[in-house]
Every structure is written in structure tokens, then in C-alpha cells.
Amino acid sequence: MKKISGLAILGLMMLSCGSQPKVDGYVLKGNIEGLPDGTHVQLVPVSHDSEQPFADTTVVNGQFVFTGKMEEPRAFHLLVKDAYGSRNLMLENAQMEVTGKLVAKKESDGGVSYNLSSLSVKGSPLSARYDSLLSARTDRKSTRLNSSHPSRFRM
76 MKKISGLAIL GLMMLSCGSQ PKVDGYVLKG NIEGLPDGTH VQLVPVSHDS EQPFADTTVV
136 NGQFVFTGKM EEPRAFHLLV KDAYGSRNLM LENAQMEVTG KLVAKKESDG GVSYNLSSLS
196 VKGSPLSARY DSLLSARTDR KSTRLNSSHP SRFRM
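The opening residue of the sequence shown carries number 76 in the working numbering; numbering runs sequentially from there.
A portion of the hints provided could be inaccurate.
Unchecked claim - Here are the simulated lysine-lysine pairs, BS3-like style, with alpha carbons at most 25 Å apart: (1) 156 <-> 197; (2) 104 <-> 180; (3) 104 <-> 156; (4) 144 <-> 156; (5) 176 <-> 104; (6) 180 <-> 156; (7) 156 <-> 176; (8) 156 <-> 181; (9) 181 <-> 197; (10) 197 <-> 144; (11) 104 <-> 197; (12) 144 <-> 181.
As the list claims (entries may be wrong) - Computed beta-carbon distance windows for the label pairs: (13) 186 <-> 211: 28 to 34 Å; (14) 182 <-> 203: 28 to 34 Å; (15) 100 <-> 186: 32 to 38 Å; (16) 183 <-> 99: 45 to 51 Å; (17) 121 <-> 193: 15 to 21 Å; (18) 130 <-> 186: 21 to 27 Å.
None of these hints come from the bench; they were simulated from the model. All C-beta atoms, glycine included, are put in the ideal place defined by N, C-alpha and C.
Using the sequences and the hints, build the whole thing.
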């Protein structure tokens with residue numbers, strides 16, 4: 076009887092460990108309609124300096140994957156190499172996914188731009204929080220610019 080109880084407990088422990096996969100690094104998968112095969116997608120750190128790409132990968136069938144391990148979460152620009160436009164995100168050790176549809180727009184200087192800000196990022200609570208902070212900042216800025224404050228100018 077003791078053997079059966081011990082085996083049952085051991086089995087339950089193994090099942091509980093297997094039900095929550097441990098993430099030892101990050102996996103950022105992208106599934107983006109509208110990006111041609113062979114396009115390079117890059118992660119460039121957000122900073123005040125001109126940073127080199129942290130990672131670069133190639134699109135195949137509208138998909139790409141970045142993998143690695145972060146010492147700590149960090150803000151990045153997701154961008155298409157040699158094109159205008161970026162999508163900010165927080166890269167952390169988690170299973171993350173970027174999805175959406177993009178349309179290339181020709182610019183007057185002959186370059187190409189993409190509205191990457193329309194892409195959805197899932198699997199990262201920090202990216203969701205980062206997005207909400209950035210949108211609140213943008214909303215506050217536009218409210219300040221678009222409203223007049225007559226009380227400021229009264230004497």
C-alpha cells in the first residue's frame with residue numbers, strides 16, 4: 076500500500092512539473108502577412124545612442140523566429156532592415172508572438188515604410204504594460220497639443 080501511495084504521489088509531482096513548461100530564454104515568433112521572403116527583421120535596443128542590431132533574422136513564408144536568453148528584460152525596436160517604421164516591445168525570457176498584416180508604402184526618397192505599430196505582441200506582460208504606458212504618453216501629448224488652456228493666460 077505504501078508503494079502505491081508513493082508511486083501515486085511521484086506520478087502527480089511529475090505531472091505537475093510537466094504541465095508548466097519552464098522558459099529558459101526567449102522565443103519571439105513572428106507571423107506577419109505582407110513581408111516578402113528574404114526580408115531581414117531586426118531587434119535594435121531602444122536608447123539615446125545609435126545602437127547596432129541586437130539580433131537579425133530572415134522571413135520565410137511570412138514567419139521569423141528570434142531565440143536567446145536575456146539577463147533582464149529590455150526595450151527593443153522591432154524593425155524591417157532598410158525600411159522605415161518600427162514596433163516597440165519589451166523582450167523578456169518568455170514565449171512571445173508578433174502577428175499582423177503589413178503593407179509596404181513607397182516613400183518619396185525611394186525607400187519603403189511599414190506601419191509596424193499595428194502589429195500585435197502576445198505572451199509578454201511587460202510588453203503589454205509598455206504599450207499601455209506609451210499610449211498614455213501619446214494620448215497625453217496629443218491632448219496637450221490639441222487643447223487650449225485659457226486659464227493659463229488669464230491675469
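Here is how each hint holds up against the structure:
1. 156 <-> 197: At roughly 22 Å apart (the allowed maximum being 25 Å), residue 197 and residue 156 satisfy the hint.
2. 104 <-> 180: holds (24 Å)
3. 104 <-> 156: holds (17 Å)
4. 144 <-> 156: Judged against 25 Å, a Cα distance of about 22 Å means the pair holds.
5. 176 <-> 104: At roughly 14 Å apart (the allowed maximum being 25 Å), residue 104 and residue 176 satisfy the hint.
6. 180 <-> 156: holds (15 Å)
7. 156 <-> 176: Given that 25 Å is the threshold and the Cα spacing comes to 17 Å, the pair holds.
8. 156 <-> 181: holds (15 Å)
9. 181 <-> 197: violated (29 Å)
10. 197 <-> 144: Holds - the C-alpha atoms of residue 144 and residue 197 are around 18 Å apart, at most 25 Å.
11. 104 <-> 197: holds (10 Å)
12. 144 <-> 181: This hinted pair is violated, its Cα atoms lying about 36 Å apart.
13. 186 <-> 211: 28 to 34 Å: holds (31 Å)
14. 182 <-> 203: 28 to 34 Å: holds (31 Å)
15. 100 <-> 186: 32 to 38 Å: Given about 34 Å between the Cβ atoms, the range holds.
16. 183 <-> 99: 45 to 51 Å: Given about 46 Å between the Cβ atoms, the range holds.
17. 121 <-> 193: 15 to 21 Å: holds (19 Å)
18. 130 <-> 186: 21 to 27 Å: holds (22 Å)
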